[in-house]
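Given the structure of chain A, go ahead and fit chain B onto it with the hints provided.
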Amino acid sequence: QKEVEQDPGPLSVPEGAIVSLNCTYSNSAFQYFMWYRQYSRKGPELLMYTYSSGNKEDGRFTAQVDKSSKYISLFIRDSQPSDSATYLCAMSNIQGGSEKLVFGKGTKLTVNP
Amino acid sequence: SQTIHQWPATLVQPVGSPLSLECTVEGTSNPNLYWYRQAAGRGLQLLFYSVGIGQISSEVPQNLSASRPQDRQFILSSKKLLLSDSGFYLCAWRKDSYGYTFGSGTRLTVV
Chain A
1 QKEVEQDPGP LSVPEGAIVS LNCTYSNSAF QYFMWYRQYS RKGPELLMYT YSSGNKEDGR
61 FTAQVDKSSK YISLFIRDSQ PSDSATYLCA MSNIQGGSEK LVFGKGTKLT VNP
Chain B
114 SQTIHQWPAT LVQPVGSPLS LECTVEGTSN PNLYWYRQAA GRGLQLLFYS VGIGQISSEV
174 PQNLSASRPQ DRQFILSSKK LLLSDSGFYL CAWRKDSYGY TFGSGTRLTV V
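Line order of the protein sequences matches chains A and B.
The first sequence begins at 1 in the numbering used here and counts up one residue at a time.
The second sequence begins at 114 in the numbering used here and counts up one residue at a time.
The shape of chain A in the complex, shown without the other chains (with noise of 0.2 Å):
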């Protein structure tokens, strides 16, 4: 079983769409939790983070974290064109100076207008 699970899309929805995004993983050690945007040949880019597990708000956009199912969201509220990007899901444990980040495959969305 890989260590983080991200449906790879591809993901259309028009304009104004609520927009839901998802991973699953399978170590319960990962504390941090964060989401990234990518736009097409350029480098990622952090768009949210929590720690543990609960809900954080920015905007139109709502992380959620459920440790219990080891399950993590990012939601898109009144999706814009220029919100169409591939969207990663990224999660860590601290172990000292070698702390790493684990990756999902990242999800494509494409939003119509």
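Treat the hints as calculated values from the structure; they're not laboratory data.
It is possible that some hints are incorrect.
To be verified - Cut-off 30 Å, straight-line C-alpha distance, at most; resulting in silico cross-link-like pairs (DSBU-like, lysine-lysine):
1) B:Lys193 - A:Lys100
2) B:Lys192 - A:Lys105
3) B:Lys193 - A:Lys42
4) A:Lys2 - A:Lys56
5) B:Lys192 - A:Lys100
6) B:Lys193 - A:Lys105
7) A:Lys2 - A:Lys70
8) A:Lys108 - A:Lys56
9) B:Lys192 - A:Lys42
What the hints assert, rightly or not - Some, not all, of what chain B presents toward chain A, calculated at C-beta under 7 Å:
10) Gly156
11) Leu157
12) Leu203
13) Gly212
14) Phe215
15) Gly216
16) Ser217
17) Gly218
Quick reminder that beta carbons are idealized off the backbone N, C-alpha and C, glycines included.
Here is chain B on its own, set in the frame of chain A:
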């Protein structure tokens, strides 16, 4: 402010040729540095990471090597490229406990 520079943006190299990709970070000291490769359908694969000058950890056996000659410089190298080395190479540094900052990437095509 902290910034990360990575170059070149695009590279086309013949099989068997050497490779050198450079990454530098500004505005911070003693960062953790990382090299990732992103191939279509395979996600981000960690290749090397470094917690200090001269300290390199390799995550996967491969045709590549990394060096950290200075605190804020991280170099990815190969003596002889293979077709399978094609991909999108990303350098990153750890900003804090919550995430990494990535460079803009180098798209390498081995022909």
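Hint by hint, here is what the structure shows:
| no. | hint | result |
| --- | --- | --- |
| 1 | B:Lys193 - A:Lys100 | holds (28 Å) |
| 2 | B:Lys192 - A:Lys105 | holds (29 Å) |
| 3 | B:Lys193 - A:Lys42 | holds (26 Å) |
| 4 | A:Lys2 - A:Lys56 | holds (26 Å) |
| 5 | B:Lys192 - A:Lys100 | holds (27 Å) |
| 6 | B:Lys193 - A:Lys105 | holds (28 Å) |
| 7 | A:Lys2 - A:Lys70 | holds (13 Å) |
| 8 | A:Lys108 - A:Lys56 | holds (22 Å) |
| 9 | B:Lys192 - A:Lys42 | holds (26 Å) |
| 10 | Gly156 | holds (4 Å) |
| 11 | Leu157 | holds (4 Å) |
| 12 | Leu203 | holds (5 Å) |
| 13 | Gly212 | holds (4 Å) |
| 14 | Phe215 | holds (4 Å) |
| 15 | Gly216 | holds (5 Å) |
| 16 | Ser217 | holds (5 Å) |
| 17 | Gly218 | holds (5 Å) |
In this structure, none of the earlier numbered hints is contradicted; all agree with it.
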